[in-house]
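Q: Produce the entire structure from the sequences given, and follow the hints as far as they go.
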Amino acid sequence: MRSIIKTSFAAAVAAAIASTASAELTGELKIISDMSNPAPRAVMEGMVADFQAMNPDLDIELTIVDREAWKTQIRNALGANPPDVVNWYAANRMRPYVDAGLFADISDLWAEEQFAALESTKGAMTLDDKQWGVPYTYYQWGVYYRKDIFEELGLSEPTTWEEELANCQAILDSGRKCYTIGTKFLWTAGGWFDYINSRTNGYDFHMQLARGEVEWTDERVRQTFANWRQLIDMGAFIDDHQTYSWQEALPFMLNGEAASYLMGNFAVAAFREGGLTDDQLDFYQFPKINPDVDYAEDAPTDTFHIASGAENMDNAKAFLRFVTSAENQTKINAGDALGQLPVNSEASIGDDKFLQEGFEMLSSNASGGIMQFFDRDFDAEMASVGMEGLQEFMVFPDNLDDILMRLEETRARIYQ
Amino acid sequence: MATAPIVPDRHPPATRGWYKRNEIALTPWLFLAPAMLFFAVYVIVPIGQSFWISFHEWDGLGEKTWVGMANYDRLLGIGDQNIDRKFEVSFWNNLRWLILYLLAIPLGLFIALFLNQTVTGIRLYKSLFFFPFVISQVVVGLVFSWFYLPREGLLNAILGLVGAGPINVLGDPDLATYGIIAAGLWPQTAYCMILYLTGLNSVDPEQVEAARLDGAKGWRMLWYVILPQLKPATFIAFVVTIIGALRSFDLISVMTNGGPFGSTRVLSFYMFEESLSEFGFRMGYGAAIAVVLFFIMLFFIVYFLWSMYRDERGAR
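Taken in order, these protein sequences are the chains called A and B. Under the numbering used here, think of the first position of the first sequence as 368, with each following residue one higher. Under the numbering used here, think of the first position of the second sequence as 8, with each following residue one higher.
Derived from the structure by calculation, the hints contain no laboratory data. Cβ coordinates follow ideal geometry from the N, Cα and C atoms, glycine included. Keep in mind that the hints are not guaranteed to be accurate.
So the derived list for chain A, only partly shown, Cβ under 8 Å to chain B, looks like this [as the list claims (entries may be wrong)]:
#1 Arg462
#2 Leu469
#3 Asp472
#4 Phe552
#5 Asp607
#6 Asn622
#7 Ser751
#8 Val762
#9 Pro764
#10 Asp765
A: This is the structure in structure tokens:
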């Protein structure tokens, strides 16, 4: 993709920065991380161990907090006596902390040469023309499907909406459901909306809607729901999905009662644990709906930030440099670690067909733009009201007018 | 209390200190002071803070903005706005909880009467009936949500046996709240049962004997002889059940998370969602809901306090 010379040059620069920094670092570094699931936890602890080995005199204090709990605890943590480095999410989810002045502006870090390799995620870290954190991993979304079922029915990966609908009809005729989904915790429905809306109206329109610049009762939004309704009316989704979490919806696909699942790449580990082999499981990009619209993809980014009240600013910045360095990115995103995509374009992708395919898709076939996901792009209150409406629509599509009116009321109030 | 020395003290006491002179009046207050202090710090002051915050718009981090009654206007639909529909749904669900939760009292009484006998192993049966109250509400919620599962759940297996169609209790916006209340009744019935069991211990056997001689039995015995003696237990059962219904939160959070599409919210859950959940942090609005909930609770609490006060005066 890039010339070897440039790669090695950047690696050398990264190494140089890392080594010069390591000679100087003393004092303390306090990190609070939300990487509490087993694999991420091992990764986080490994990163700290590596950073410690590079800086023997540095006193690193790592606290790992439950990932769900952190979503509400971060406020208190950043308030009084803040740590130096914390985990969070990209895009609009940073907004409250940026507005409250709790995240440090690290635009100077992004101006450094090493960060040129992170260009693709810069937009997601930018608010008010400044950068407020660095990404450490991201992952693609797409349709994961049962290859063996597709082969049995003689179907191929769809690239247009018509093919998608035709495939689905064939799957339904074979006594299966097209898609499994669990909407109990709402956000999974947000993925469907992101894709159908951005494929129907384009990335720019989707982001305008996210910023509250378009009315929910707009005709174009209705078109999105009309497209979605085609699937709902066919009975494409499993029954009673409002009762299941995304994990509880997995068995439908594992048992072959449903043929595919629109999900993030983290689901692959769950599919494999559930007994699907790589021969049975495959991935395709969400098909085009409006042929004139470029592909836009959901690729949520997880991030590190420096608290504005950090006492060890230099150490914290050195840690962020280390986290995003090509070498570390390759290591932590490998198939046996996080199993996700590295944010540094000089890093190499794990040896896994889904990672390879996902990276290929995001780097060469997502010219529309990268979305962070419904609940990160939209304002928090809009997102919660919105996802509830999406869930209701998926169960009672006839309530659409009422739902849209409610969402529009909320939009008008929030973005006044 | 200072006790008078048995042998008269021949040395006249030095002039007693101020505390010694006022000991009788002060000591009760000293003993009350820690409780009053903590009650003030952890109950009274936060109530005042909730009222104060409810007049602001505040994300919990930055500056508070004074908005006056705007939060209440939006909540109750005063002026040109529509009433907040989430609030409306939550309010009616709270009422459903209040009314249906009271079923725990007759159910608990019935089980207590049934268990109030001496047969071998009755202690074991009693503890088995009491068991659901001992386990965590979260576990109760989980067990019931498995029970209600649309495909694998036991409920649908039973319904299938009698030929009734499968229903998805927690996925149906019209049924979900009742499904959760049924789950809540399980431990609450056990609680009421234990209250009545202890009450039945103190029923005067002579009165029962006398009533029997007068030919009372069955329902008349229960209604005219037993129940009046159980009045204190009934009162406590009412208090804990009503407070329990208004506090219902954990079951909703575990079983439906407020869904499907918000149909099982109650005021306490809505308050949590607005102010403390992942997409929340609208502290002012959350506080306004808390204030409304406070007044609803206050209505009951005042009634209970008043009837307790009345009973104590009557007893004198």
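Q: Could you run down the list of hints and mark each one as holding or not?
A: Verification of the supplied hints:
Restraint check, Arg462/A versus chain B: the minimum CB separation of about 10 Å is more than 8 Å; hint violated. For Leu469/A, the interface hint holds, the least distance from its beta-carbon to any beta-carbon of chain B being 7 Å, beneath 8 Å. Checking Asp472/A against chain B: minimum C-beta separation of about 17 Å lies over 8 Å; hint violated. Interface restraint check: Phe552/A against chain B, minimum CB-CB distance 6 Å, threshold 8 Å, status holds.
A least Cβ separation of about 4 Å between Asp607/A and chain B falls short of the 8 Å threshold, and the interface hint therefore holds. Checking Asn622/A against chain B: minimum C-beta separation of about 11 Å lies over 8 Å; hint violated. Given the 8 Å rule on beta carbons, the hint for Ser751/A holds: about 4 Å separates it from the nearest Cβ of chain B. Proximity of Val762/A to chain B holds as hinted, the smallest CB-CB distance being about 7 Å (cut-off 8 Å).
Of the supplied interface hints, the one on Pro764/A is violated, with its beta-carbon coming no nearer than about 13 Å to a beta-carbon of chain B, more than 8 Å. Interface restraint check: Asp765/A against chain B, minimum CB-CB distance 13 Å, threshold 8 Å, status violated.
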